[in-house]
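S.K.: Note that full-length UniProt numbering has the sequence shown beginning at 1, numbered continuously upward.
Hints were generated in silico from the structure; no laboratory data involved.
Remember, predicted model here, so these are calculated numbers, not experimental data.
Just to be clear, a hint being listed does not mean it is correct.
Unchecked claim - Taking lysine-lysine pairs in the PhoX-like style, the calculated list, with each CA pair at most 25 Å apart, reads:
| hint | residue 1 | residue 2 |
| --- | --- | --- |
| 1 | Lys-128 | Lys-33 |
| 2 | Lys-386 | Lys-297 |
| 3 | Lys-376 | Lys-389 |
| 4 | Lys-293 | Lys-386 |
| 5 | Lys-376 | Lys-390 |
| 6 | Lys-376 | Lys-297 |
| 7 | Lys-376 | Lys-386 |
| 8 | Lys-293 | Lys-317 |
| 9 | Lys-297 | Lys-390 |
| 10 | Lys-301 | Lys-289 |
| 11 | Lys-74 | Lys-148 |
| 12 | Lys-74 | Lys-376 |
| 13 | Lys-293 | Lys-250 |
| 14 | Lys-375 | Lys-289 |
| 15 | Lys-389 | Lys-301 |
| 16 | Lys-382 | Lys-301 |
| 17 | Lys-317 | Lys-289 |
| 18 | Lys-250 | Lys-297 |
| 19 | Lys-389 | Lys-375 |
| 20 | Lys-301 | Lys-386 |
| 21 | Lys-375 | Lys-74 |
| 22 | Lys-33 | Lys-195 |
| 23 | Lys-345 | Lys-195 |
| 24 | Lys-375 | Lys-390 |
| 25 | Lys-375 | Lys-301 |
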Amino acid sequence: MDRVTTDFTKRSKIFPKLISPLRRIMSSADEDKANQVVLVTGASGYVGLHCVQQLLAAGYRVRGTVRNKDNPRKVSPLLRLPHANERLELIEANLLNEEDWPRAVAGCTFILHVASPWPIVADESTIKTAVDGTLHVLRAASMEPSVKKVVLTSSCSAVNDGHSNDSRVFDETCWTDLDSPNVDNYAKSKTMAEKAAWDFWSTLDPSNRFALTVLNPTFIIGPVLSDCENGSATIVGRMMDFRTYLASPKISLGVVDVRDVARAHIEALTRPETDGERILISARSIWFKDMMKWLGKEFRKMGYLITRVEAATWVLKLYASLKIDPHVAAVMHRIGPELRFDTTKSRQLLGMTYTDLRTSLIEMMHSMIQHGMVKKTAGYEKWMAKQQKKIALAASKQSQ
Numbered sequence: 001m002d003r004v005t006t007d008f009t010k011r012s013k014i015f016p017k018l019i020s021p022l023r024r025i026m027s028s029a030d031e032d033k034a035n036q037v038v039l040v041t042g043a044s045g046y047v048g049l050h051c052v053q054q055l056l057a058a059g060y061r062v063r064g065t066v067r068n069k070d071n072p073r074k075v076s077p078l079l080r081l082p083h084a085n086e087r088l089e090l091i092e093a094n095l096l097n098e099e100d101w102p103r104a105v106a107g108c109t110f111i112l113h114v115a116s117p118w119p120i121v122a123d124e125s126t127i128k129t130a131v132d133g134t135l136h137v138l139r140a141a142s143m144e145p146s147v148k149k150v151v152l153t154s155s156c157s158a159v160n161d162g163h164s165n166d167s168r169v170f171d172e173t174c175w176t177d178l179d180s181p182n183v184d185n186y187a188k189s190k191t192m193a194e195k196a197a198w199d200f201w202s203t204l205d206p207s208n209r210f211a212l213t214v215l216n217p218t219f220i221i222g223p224v225l226s227d228c229e230n231g232s233a234t235i236v237g238r239m240m241d242f243r244t245y246l247a248s249p250k251i252s253l254g255v256v257d258v259r260d261v262a263r264a265h266i267e268a269l270t271r272p273e274t275d276g277e278r279i280l281i282s283a284r285s286i287w288f289k290d291m292m293k294w295l296g297k298e299f300r301k302m303g304y305l306i307t308r309v310e311a312a313t314w315v316l317k318l319y320a321s322l323k324i325d326p327h328v329a330a331v332m333h334r335i336g337p338e339l340r341f342d343t344t345k346s347r348q349l350l351g352m353t354y355t356d357l358r359t360s361l362i363e364m365m366h367s368m369i370q371h372g373m374v375k376k377t378a379g380y381e382k383w384m385a386k387q388q389k390k391i392a393l394a395a396s397k398q399s400q
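Please model the complete structure; the sequences and the hints are all you need to start from.
M.R.: Spelled out as structure tokens, the structure:
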């Protein structure tokens, strides 16, 4: 037997000894996940659905809260997820009903508190729902011995709103200025809910309390998994027709893919270095005109009437003053310099890398059209028919 064969024979005897413990470790990790229940509040929402999808794919047992289990439009997308039959439980819970939450958190190891109202034009009830709902969940968690960690979904709206110097780089040390007249009710709701969470958590016994991590995502885009409206889909959907978006406003937003936001939540569950931290989640900042440009290049040829015009600020102010469209008035205070965020923490503590935003936006719009949230044009139908022919042809070639 030559030396090469001998060396290979020796290695082949060693490999099983190395691989076997590794398999046991992996198997043990999978078993741990299968025995851990993760509660996802607002499971049927835009971000919640993606969190549930990724948790199930990772092997966790998931308990999701919905307001009405008899609403097929909300529930069916959850039940269609892979592994939902084996590892997904749905229960009814309302953020404003404190008595719902002890039962919801019972036996859970982790909680993703994602649920929070996001109307484009928010009134003061939005603040009450966000703050009271957060405290109801956290109080229940504090009385449930099985809960090890809570990950709270906050927002960049709790970080960068109401500041006179919008050109600075915002990080996790920054808080929205609640005294500013430019802070809308949605930003107030996210800021006050997050502050209430930290204040409540600080009153608990440090030696016997759950860990808390807060994530602050920027404007979220990416594929929708249901046809239920959400703030992001409402804004992006309006871009597809110049009759609802005559011109793009000179507004810059931090933007992130919904799948990255969900992944950040799941990474935070098992990374102790994130305990007690608030973390901005953002790919980068982009202008509205860039989003319009990306959508136009992809969809204008299919018959969608996407504006090429960027509105002058004085025109927007005049239009907003007429109060024809409350959505315009709601974003006027965001007109200004490019918003910039320091996302070093997300990369260091969560290992985040971010999805290309042009890809995210295009995939989001295709998914919205497929779900009926944006009307299919005749041009889109023709494009779809061509894509299906290409897929069928490729499948035919592979089978030969």
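S.K.: Does each hint hold? Answer for all of them.
M.R.: Outcome of the hint check:
1. Lys-128 - Lys-33: The given pair, whose Cα atoms are some 35 Å apart, is violated under the 25 Å limit.
2. Lys-386 - Lys-297: It holds: about 18 Å lies between the C-alpha atoms, which stays within 25 Å.
3. Lys-376 - Lys-389: holds (18 Å)
4. Lys-293 - Lys-386: Status holds; Cα separation ~24 Å.
5. Lys-376 - Lys-390: Cα-Cα ~20 Å, so holds.
6. Lys-376 - Lys-297: This hinted pair holds, its Cα atoms lying about 17 Å apart.
7. Lys-376 - Lys-386: holds (15 Å)
8. Lys-293 - Lys-317: holds (23 Å)
9. Lys-297 - Lys-390: It holds: about 21 Å lies between the C-alpha atoms, which stays within 25 Å.
10. Lys-301 - Lys-289: holds (18 Å)
11. Lys-74 - Lys-148: Not OK: Lys-74 and Lys-148 at ~29 Å, beyond 25 Å, violated.
12. Lys-74 - Lys-376: OK: Lys-74 and Lys-376 at ~22 Å, within 25 Å.
13. Lys-293 - Lys-250: Cα-Cα ~13 Å, so holds.
14. Lys-375 - Lys-289: holds (22 Å)
15. Lys-389 - Lys-301: Given that 25 Å is the threshold and the Cα spacing comes to 19 Å, the pair holds.
16. Lys-382 - Lys-301: Answer holds: Lys-382 to Lys-301 is near 11 Å, not above 25 Å.
17. Lys-317 - Lys-289: holds (18 Å)
18. Lys-250 - Lys-297: holds (20 Å)
19. Lys-389 - Lys-375: holds (22 Å)
20. Lys-301 - Lys-386: Roughly 14 Å between the alpha carbons, so the hint for Lys-301 and Lys-386 holds.
21. Lys-375 - Lys-74: holds (20 Å)
22. Lys-33 - Lys-195: violated (31 Å)
23. Lys-345 - Lys-195: holds (20 Å)
24. Lys-375 - Lys-390: holds (23 Å)
25. Lys-375 - Lys-301: holds (15 Å)
The structure fails hints 1, 11, 22 (numbered hints given earlier, in ascending order).
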